[in-house]
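Novice: Residue numbers (our numbering), protein chains in the order written: chain R, 1 to 404; chain H, 1 to 339; chain W, 1 to 431.
Just so you know, these hints were derived from the structure itself, not from any lab. Glycine included, every Cβ here is placed at the ideal spot set by N, Cα and C. Incorrect hints may have been included.
As the list claims (entries may be wrong) - Away from chain H, derived, C-beta distances all over 10 Å, residues of chain R: (1) Gly-55; (2) Ile-71; (3) Thr-79; (4) Leu-89; (5) Phe-151; (6) Phe-236; (7) Gln-263; (8) Ile-295; (9) Pro-323; (10) Ile-348.
As the list claims (entries may be wrong) - DSSO-like mimics (lysine-lysine), calculated; alpha carbons at most 27 Å apart, straight line: (11) W/Lys-39 to R/Lys-300; (12) W/Lys-31 to R/Lys-300; (13) H/Lys-33 to H/Lys-139.
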Amino acid sequence: MSTISDPPSGSFQLSMLINDTRYRSYTFQFIALILLILAFAYLGYNLLANLQAAGLNISYQFLGEPAGYDINQTLIPYTSQSTHWRASLVGVLNTLLVAFLGCIMATIIGVLVGVLRLSNNWLVRQLMSIYVEIFRNVPVLIWILIIMAIFIAVLPQPRDFRGDDATASMVFGMFAFTGRGFYTPAPIFGAGSGVVVAVFLASIAGIFAFRRYAKKALYDRGQLIPTLWPSLAIFFIPTILAYFIMGRPISLEYPELAGFNFQGGIFMRNSLIALWFALSIYTAAFIAENVRAGILAVSKGQTEAAASLGLRPGRIMNLVILPQALRVIIPPLISQYLNLTKNSSLAIAVGYMDLTGTLGGITLNQTGRAIEAIFLLMLFYLAISLAISAIMNVYNNAVKLKER
Amino acid sequence: MKKIAILGAMTVAGLSAGVASAATLDDVKARGKLNCGVTTGLVGFAAPNANGEWEGFDVGVCRAVAAAVLGDPTAVEFVPTTGKTRFTALASGEIDLLARNTTWTFSRDVDLGFEFVGINYYDGQGFMVPKELGVSSAKELDGATVCIQTGTTTELNLADFFRANNISYEPVPIETNAEAQPLYLEGACDVYTTDASGLAATRAAFENPGDHVVLPEIISKEPLGPLVRHGDNQWGDIARWTLNALIAAEELGVTSANVAELAAAPGSNPEINRLLGTEGTLGAMLGLEADWAVKAIMAGGNYGELFEKNIGENTPIGLARGLNAQWTEGGLLYSPPFR
Amino acid sequence: MSDTHAQTVAFVRDTMLPEQPPPASEAGVIKWMRENLFKGWFNSILTLLSLYFIFVIVTNAYPWFANGIWNTSSLAECREMLGGMTGACFSVLTERWNQLLFGFTYPPEAYWRPTLAFVLLIVAIAPVLYPKAPRQMLVFTGIYPFLAYWLIWGGTLLIPLMVLVGLIAGYFAFKQFERQSFAMGMVAGLVAAIVVIWAGGIIPASMPDVLAIQAIPSRDLGGFMLNMILGTVCVSLSLPLGIMLALGRQSSMPVIKWICVVFIEFIRGVPLITLLFVANVVLAYFFPPDANIDLVLRVIIMITMFSAAYIAEVIRGGLAALPRGQYEAADSLGLDYAQSMRLIILPQALKISIPGIVNVAVGLFKDTTLVSVISMFDLVGMIRGPILASTEWNGVYWELWGFAVFVFFIVCFSISKYSQWLERQLATDHR
Numbered sequence: 001m002s003t004i005s006d007p008p009s010g011s012f013q014l015s016m017l018i019n020d021t022r023y024r025s026y027t028f029q030f031i032a033l034i035l036l037i038l039a040f041a042y043l044g045y046n047l048l049a050n051l052q053a054a055g056l057n058i059s060y061q062f063l064g065e066p067a068g069y070d071i072n073q074t075l076i077p078y079t080s081q082s083t084h085w086r087a088s089l090v091g092v093l094n095t096l097l098v099a100f101l102g103c104i105m106a107t108i109i110g111v112l113v114g115v116l117r118l119s120n121n122w123l124v125r126q127l128m129s130i131y132v133e134i135f136r137n138v139p140v141l142i143w144i145l146i147i148m149a150i151f152i153a154v155l156p157q158p159r160d161f162r163g164d165d166a167t168a169s170m171v172f173g174m175f176a177f178t179g180r181g182f183y184t185p186a187p188i189f190g191a192g193s194g195v196v197v198a199v200f201l202a203s204i205a206g207i208f209a210f211r212r213y214a215k216k217a218l219y220d221r222g223q224l225i226p227t228l229w230p231s232l233a234i235f236f237i238p239t240i241l242a243y244f245i246m247g248r249p250i251s252l253e254y255p256e257l258a259g260f261n262f263q264g265g266i267f268m269r270n271s272l273i274a275l276w277f278a279l280s281i282y283t284a285a286f287i288a289e290n291v292r293a294g295i296l297a298v299s300k301g302q303t304e305a306a307a308s309l310g311l312r313p314g315r316i317m318n319l320v321i322l323p324q325a326l327r328v329i330i331p332p333l334i335s336q337y338l339n340l341t342k343n344s345s346l347a348i349a350v351g352y353m354d355l356t357g358t359l360g361g362i363t364l365n366q367t368g369r370a371i372e373a374i375f376l377l378m379l380f381y382l383a384i385s386l387a388i389s390a391i392m393n394v395y396n397n398a399v400k401l402k403e404r
Numbered sequence: 001m002k003k004i005a006i007l008g009a010m011t012v013a014g015l016s017a018g019v020a021s022a023a024t025l026d027d028v029k030a031r032g033k034l035n036c037g038v039t040t041g042l043v044g045f046a047a048p049n050a051n052g053e054w055e056g057f058d059v060g061v062c063r064a065v066a067a068a069v070l071g072d073p074t075a076v077e078f079v080p081t082t083g084k085t086r087f088t089a090l091a092s093g094e095i096d097l098l099a100r101n102t103t104w105t106f107s108r109d110v111d112l113g114f115e116f117v118g119i120n121y122y123d124g125q126g127f128m129v130p131k132e133l134g135v136s137s138a139k140e141l142d143g144a145t146v147c148i149q150t151g152t153t154t155e156l157n158l159a160d161f162f163r164a165n166n167i168s169y170e171p172v173p174i175e176t177n178a179e180a181q182p183l184y185l186e187g188a189c190d191v192y193t194t195d196a197s198g199l200a201a202t203r204a205a206f207e208n209p210g211d212h213v214v215l216p217e218i219i220s221k222e223p224l225g226p227l228v229r230h231g232d233n234q235w236g237d238i239a240r241w242t243l244n245a246l247i248a249a250e251e252l253g254v255t256s257a258n259v260a261e262l263a264a265a266p267g268s269n270p271e272i273n274r275l276l277g278t279e280g281t282l283g284a285m286l287g288l289e290a291d292w293a294v295k296a297i298m299a300g301g302n303y304g305e306l307f308e309k310n311i312g313e314n315t316p317i318g319l320a321r322g323l324n325a326q327w328t329e330g331g332l333l334y335s336p337p338f339r
Numbered sequence: 001m002s003d004t005h006a007q008t009v010a011f012v013r014d015t016m017l018p019e020q021p022p023p024a025s026e027a028g029v030i031k032w033m034r035e036n037l038f039k040g041w042f043n044s045i046l047t048l049l050s051l052y053f054i055f056v057i058v059t060n061a062y063p064w065f066a067n068g069i070w071n072t073s074s075l076a077e078c079r080e081m082l083g084g085m086t087g088a089c090f091s092v093l094t095e096r097w098n099q100l101l102f103g104f105t106y107p108p109e110a111y112w113r114p115t116l117a118f119v120l121l122i123v124a125i126a127p128v129l130y131p132k133a134p135r136q137m138l139v140f141t142g143i144y145p146f147l148a149y150w151l152i153w154g155g156t157l158l159i160p161l162m163v164l165v166g167l168i169a170g171y172f173a174f175k176q177f178e179r180q181s182f183a184m185g186m187v188a189g190l191v192a193a194i195v196v197i198w199a200g201g202i203i204p205a206s207m208p209d210v211l212a213i214q215a216i217p218s219r220d221l222g223g224f225m226l227n228m229i230l231g232t233v234c235v236s237l238s239l240p241l242g243i244m245l246a247l248g249r250q251s252s253m254p255v256i257k258w259i260c261v262v263f264i265e266f267i268r269g270v271p272l273i274t275l276l277f278v279a280n281v282v283l284a285y286f287f288p289p290d291a292n293i294d295l296v297l298r299v300i301i302m303i304t305m306f307s308a309a310y311i312a313e314v315i316r317g318g319l320a321a322l323p324r325g326q327y328e329a330a331d332s333l334g335l336d337y338a339q340s341m342r343l344i345i346l347p348q349a350l351k352i353s354i355p356g357i358v359n360v361a362v363g364l365f366k367d368t369t370l371v372s373v374i375s376m377f378d379l380v381g382m383i384r385g386p387i388l389a390s391t392e393w394n395g396v397y398w399e400l401w402g403f404a405v406f407v408f409f410i411v412c413f414s415i416s417k418y419s420q421w422l423e424r425q426l427a428t429d430h431r
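Chain R extracted, bound-state conformation (with noise of 0.2 Å):
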């Protein structure tokens, strides 16, 4: 087998195909290329002798039908005298809301599991510990129908706030906890409340431009100006005196139970709930492990370096640990984003109308084209798929080892 250097050249033989390794692979790659066209040519022609004898045809005409029923959370205006596609759509950004919901909760959570677990309290790290194995061990759906089953079986309904005798109140007046879901108060904003708003944005632009000087002075001069305080009270005191000299523009609604159920204010489903937070708490469980794997990864050598230089452990843990161990811990954090984003799609066992509730569920049962709207569905999660890895991809480049 082994390869002539220097082959005679001009002679080519039929024979070459199979026996010479240069020509070889063409041949494998000509068998691979009508092996898949046979396969495809096969399912294609079943599946058209099929629709033809069940009289049925591939069409997505009814896209543009009117879908004929309602969804029960929509962000963007949608009846039921709407299309399929627009209920396709909310389907969409139903599903990009839970899946980013619930990566940053998941972040959030399981960062801090991650470094509790390396804690140096033992309770805490058997806690957590324990936390991270039950989690991880068993399947999301079950812990996204056991979230549900606290919201159908513990929590109050809204007929138990009714009445002289009511078993259940208000917390504080304000929020509403029921197994329906979150109730709680909406700002409604009044004339003059743009000013506030436009306020507030402005002092979060200030806080980036204070820490950037701030980290410039460190940087040029040595000057250490502490940014913690400052921030805060830029944060703080312009919105503040904006809302009282505007008036007090903005107020809050508060939820009322009127009729059947509490009216007015923000409504957070128990589906929505529900999945969400099964979700963050099943994903935290794998994004603490990998937290955790990511700061043991960074050598104790460094940690040594640091405290020799006289860096004190907070600024070791910032300037030194983190830089280092973000770069282990984003690749697995991309695809655990994606994982979540991806077992999202199990809204359809609580009834959450996300992308595979509206199309994948009640489109498909009510057009009966099943293999249009799987397909598009597919085509959908694909693009987000795609689409959360480019994004995050651009970032992991972002802070890749830079060797010069």
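Once you've looked at the hints, dock chains H and W against the given chain R.
Specialist: Showing chains H and W alone in chain R's frame:
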């Protein structure tokens, strides 16, 4: 992926070689079993009992067809289907007959390519609420949280009803009747809506059925019936006339108790004779034995018997015959003549 | 001088003091607690919070467990017996254990068959899992799949036997032609296996009652048994497929490489649930009308493809982690591609990837619960459907979900502990 699929297909085709695909009837006969799609569990219509045996009104239809075709009412493989899977299961040939209280609608009949063989239950969509809410009409349900089974016509009717009456509601979609029960009982939804028969069946399974009322409004027509694939007319005829035989048997007074006696020899009523195969060749025309209807009736009784045994007034479900009485008694059941 | 000095010093000890124990705060339990529980105010708060948390859990859970009732036939009876006290109603487990474990249609008189199959599974995978187990046991591992198929699905033993014979024939054909060329060996093996299986298929068809036990259609499988079957079958099937995909993705042949890349990225980009929908409602359209593939088989196909894509990525990591020199050494020995992969690269790459593969396997096993969404009655499906909806057990949430959590935790935790153990075992080799 495709390579694997084709390998799998070849293996399977190899394993199942010999199963002809000419017609559903031949398939069923060759298999010796009828694959019948039913719900995943709705007491009274189709639900497995404690021993894992399926019972119910829809199950009765399946058994009758199996008895007519194969002579054995137990030669049925019950395939539980959800609202989502039922049509594809039928279209793809996984099941031969779908008896899953499915509403006969234009688009299902024409667009999805199915053939409804008749109506075994005239139903309508209703609402069930806890008594303590003090609601007496569906029009008072403004702002209520409503549990609905997705993938059914009820979902569309509900949207129409609330839009027409210009009141708001909060839909809670659920996959199966089983999942709806705890949600409704624990108060996560105020109202449960589905076919009135389904409501009665669901209520019957509650610990305290008396605490719940079914509102008087019926907001839609829901003719429920078994269906088969478009295109196989012989199989469609068998299913249609088995159902008709059950209905006609009740009209003619043929019951599971007296059918054997009536079928022993030709009697005085020529229609009974034709139905039971003691006169004429109706069975042969269908491609079945002469006593096909006898076996179908013996399987679980005539329509009335099936009704009384599974969902009638003496069962926990307690449905009155209402529209489902014989035409001679003011109902809508009207079997074409056996001639 | 010394005298004066002696007068000024009042006392000079001339014997050793007995050894004192260290201060109480610096020894034993107290020291440990000071260092591990109450080091600084922040740690103390954390400790107190944790203690309070544990206290709440225990005080709530203990009476629930202690008052648990094990022998009633409905929730109402449980409540009656408890008379308002907190207490679990474990009777749902004692009454419905068979449904939870085996599904509600699997014939009770055949419960011993899947049970035996799983006991044998442990024997069969022992030589794979523990490198120290006797090598001869691998023969049983080879026979096991056919035995398990026969035990679980029943029917005549001749069918799995013929397939086994066919595979053995294929193996010998492969060995025969392998010396000429690996590809040729593969083709010869495949042809021999197919011919023998096809020809041998006549024998079981002609005498279906030889060595037959009651045949059970796969639709009747259910409960935790279904999870176990799906998990083991799909993982074992996806391993070879995953290896092929990983090698394909590393291949220098662009067509093959891109087929594998597209397949892997596509599968990894969509949720498993959409693939299960495909199995449930779409896949049947892609097969000829007479190929009546039952739902369990379709689900197995889709889950296998799903896990193969993930395993392929793990193995690709293993392949990439091998030093370049290993590839070059294999080439310089004059081994062709098949030989170098089989003899040099894969054994090392697989060894590195084992922990990753086990993680994928655990994840996959957990994911088998998703089949409950497509109306199959696995453990979760049984709980959500027939049991929670029955009149007797309407509202028994914690006992049932607790059981599900318990069962899955036991299995997954032991597998992941095994994986960690294995990781340590393998790590020593490199030092």
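Novice: All hints are to be evaluated individually against the structure, with a verdict given for each.
Specialist: Results for each hint:
Not every C-beta of chain H lies more than 10 Å from that of R/Gly-55, the closest at about 4 Å, which undercuts listing it as non-interface. Distance to chain H contradicts R/Ile-71 as a non-interface residue, since its nearest Cβ pair spans about 7 Å, not more than 10 Å. Against the 10 Å criterion, R/Thr-79 falls within the reach of chain H, whose nearest CB is about 8 Å from its own CB. No Cβ of chain H approaches the Cβ of R/Leu-89 within 10 Å, the least distance being about 18 Å, so the stated non-interface status holds.
Not every CB of chain H is more than 10 Å from the CB of R/Phe-151 (nearest about 7 Å), against its label as outside the interface. Taking the minimum C-beta to C-beta distance to chain H, about 37 Å, the non-interface status of R/Phe-236 holds against the 10 Å cut. Its closest Cβ contact with chain H, about 7 Å, brings R/Gln-263 to no more than 10 Å, contrary to its assignment away from the interface. Every Cβ of chain H is farther than 10 Å from the Cβ of R/Ile-295; the closest lies at roughly 39 Å, confirming the non-interface assignment.
Its beta-carbon lying about 41 Å from the closest one in chain H, R/Pro-323 satisfies the requirement of being farther than 10 Å from that chain. Non-interface status of R/Ile-348 relative to chain H is broken: a Cβ of that chain comes within 10 Å, the nearest being about 7 Å off. Note on W/Lys-39 and R/Lys-300: the hinted pairing holds, with a Cα-Cα distance of about 22 Å set against a maximum of 27 Å. About 26 Å separates the Cα atoms of W/Lys-31 and R/Lys-300, which keeps this hinted pair within 27 Å; it holds.
Between H/Lys-33 and H/Lys-139, the direct Cα distance comes to roughly 48 Å. Violation of the 27 Å bound is thereby established for this hinted pair.
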